[in-house]
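Listed below, chain by chain, are the residues.
Protein chains: 2
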Amino acid sequence: MRSIDEALELILSHTKNFGVEEISIHHALNRILAEDIFADRDYPPFNRSTMDGYAVVASDLLEKKLTELKLIETIHAGDIAKLRVSPGTCIKIMTGAPIPDGADAVVRVEDCIENNSNVQFKTTFISPKQFIAQQGEDIQKGNLLIKKNIKLDAPAIAVLAVAGKARVKVYSLPSVTVVSTGNEIVNVNDKILPHQIRDSNSIALSSFLKQYNISCDTVLEKDDKIILKETFKNFLHKDILIITGGVSMGDADYVPEVLISLGVKEIFHRVKIKPGNPLWFGVMPNGGVVFGLPGNPVSVQAAFKVFIEPYLRACFNMEALKPFYLPLFNDKPKKSKFTEYFPCSIVTKNKVTGLESKKMNSSGDIAATLYSDGLAIHPERTEMMKENTIVEFYSWNS
Amino acid sequence: MRSIDEALELILSHTKNFGVEEISIHHALNRILAEDIFADRDYPPFNRSTMDGYAVVASDLLEKKLTELKLIETIHAGDIAKLRVSPGTCIKIMTGAPIPDGADAVVRVEDCIENNSNVQFKTTFISPKQFIAQQGEDIQKGNLLIKKNIKLDAPAIAVLAVAGKARVKVYSLPSVTVVSTGNEIVNVNDKILPHQIRDSNSIALSSFLKQYNISCDTVLEKDDKIILKETFKNFLHKDILIITGGVSMGDADYVPEVLISLGVKEIFHRVKIKPGNPLWFGVMPNGGVVFGLPGNPVSVQAAFKVFIEPYLRACFNMEALKPFYLPLFNDKPKKSKFTEYFPCSIVTKNKVTGLESKKMNSSGDIAATLYSDGLAIHPERTEMMKENTIVEFYSWNS
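Protein chains in written order, with the working numbering: chain A, 2 to 399; chain B, 2 to 399.
Do not take every clue at face value.
[Said to hold, decoys possible] List of simulated lysine-lysine pairs, DSSO-like, C-alpha gap at most 27 Å:
#1 A:K333 with B:K148
#2 A:K323 with B:K170
#3 B:K323 with B:K170
[To be verified] Residues of chain B placed beyond 12 Å of chain A at every Cβ, according to the derived structure:
#4 D6
#5 I94
#6 N119
#7 K239
#8 D254
#9 G288
#10 C316
#11 N318
#12 P324
#13 D366
#14 S373
#15 E381
[Claimed, not checked] Simulated DEER-style distance windows between Cβ atoms:
#16 A:D102 with B:L322: 44 to 50 Å
#17 B:N144 with A:K192: 18 to 24 Å
#18 B:L322 with A:K336: 31 to 37 Å
#19 B:S173 with A:H28: 21 to 27 Å
#20 A:L322 with B:L63: 30 to 36 Å
#21 B:L322 with A:P328: 20 to 26 Å
No wet-lab data here; the hints were simulated from the structure. For every residue, glycine included, the Cβ atom is placed at its ideal position computed from N, Cα and C.
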């Protein structure tokens, strides 16, 4: 049986390049940037007023102590001054407009009184270059603006727009199929008998995949070797095949043998993790991968976070998921001899932010992850974790 | 000028009911649940085996110390046993199958040896009820399963599926228009002149809105009173109108007067916050609201997090955003006399998770929020915040 680290290393040694495509910025949210973005110009692109006010020669006020200047022009954002600010004069300027030639400070409109064609200054105590954002002070033309392999969130999309990247290179998305197996499983809208349960794993997985804009087909099949073989055969061209159920030690757990009969190479079976111990991982003849997950809802959700998401991120050349280290606000007993992943909520008590573990009867407990914010780790060699132990935590959001 | 708390209170006193609609579970991700969900049956719905093994009468092993039982049947998940387990017999059972009548414990397959029609047990030391998830132990039929007014994330969607909610009531989404104003602003794919800049605010706002599955129209307009009036008139039937630019003290800042001329009631103008001080807020004749934001990218993003998102959540009857309290890993000087919101990344140093503030030259710094995870608060009355100060932080993700 593999340790979690060994299993992850094996999984990450089978990453696949999904390719790169160029798409509109309007479809780029949550996609993974596949090109470094360089500044197309200086930012700010010109010396820009950061206030509504008057562009002046600073020495007129600071040294000559002039309290009145001649107003010679007014410019708005989007305008360029026709005149030059020479000593004794000023130009009214709005936020975002380029500083006129000759001016080297802006005095805010609220610190001035405008009378006909003159402006009186309430103070001559100004700083040189005040309220001017200098050309290139944020970033200079040609410098790296956004490094590739990050997820495009709202702030990053905004920077792409500023830099004129109407189309952007992102990694192509993998083709993914999720097959839920089990004679006892029915679809959410099927009639249900007392000894049956409804499939929730395919929709949980498709919901997690949507965090990366990945869609997937979902299929539900009985535990029947012939049917499973016919079904899996249809998905051997996929990048990723995720199967839930049928990987443990039961007589009807046909998934590994059926996959192997189709030429899928077993890389490992079973990991020292709870929930999700029977995890099976293999590589298809096309280089795609198969994750065989146990069928319990909590196992499936944990397996996505611990194994499938790290695999996706590695395929996209992304950094590994960032854990948080936070105090656990309750005792947490150990239930197994393995490393345990357990659902927690982020809570704040007396201005200390920490975690509360959710009650979980078993990995079949349908509501165990409900209202949780992610999973924390109970290490293999630690027995009871006492209140206020600092634990490693991974958010569902990423 | 309003305090942030006053401004928020005024905004939240103008929430609107967007209505409720019933949609397919397959479109429900990130929507806000508008109905309490009750358990349609007990969970587990029957006494269920949590292991592959043999269903036995516990006293056969525990008290009678029998080490061999007669195997009378095999059942898989999805099957119901035809026979009853009477003393001296056992039924082979797979994970997920209902416990046969008469049995009160399951012995794992790895602790047994099956020989023809007999099963030998390697140990008689078992716990009563072991490896049985009892009917109703997680939740009982009719009890509240999911409380309304939460965002449907992957774990919640999975519980809806288990409970057979193929269609679910969620709050309808507001109609939203974003108008970016400014003579200097051009669209991302337009040719650009040296004194112009590209609009990034509309795409930043539309990206944030997508966290709630809300789409919006986006429009770009010049600072021209007549044009703005014609434009805004078209959006007076919307639930939410967001305008960027044109709300400060400049001569071309026509947004408030144009809105007022169209019958929009000003609720407040200006808030003691940096960035975003010139915020304007009003109510349209239809009861919809107008957020007039300053045009700088950081101001727009902060205004979304501090004012617009709380408004949306209140309209959906959601809980307020949850802050994190984390140590700030660097000194943070104060730049203004207002409460400051500043972009930070979540980082971990020596297994302590905290925040690093991003370098920000000004609220016009296009890359200030890039790579940040959210905004932290520098309170109004606090001067320099020293390294390791505990700060209040709001994640961009919510």
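Exercise. Looking back at the numbered hints, which does the structure fail to meet, lowest number first?
Worked result: 2, 5, 8, 12, 13, 14, 20
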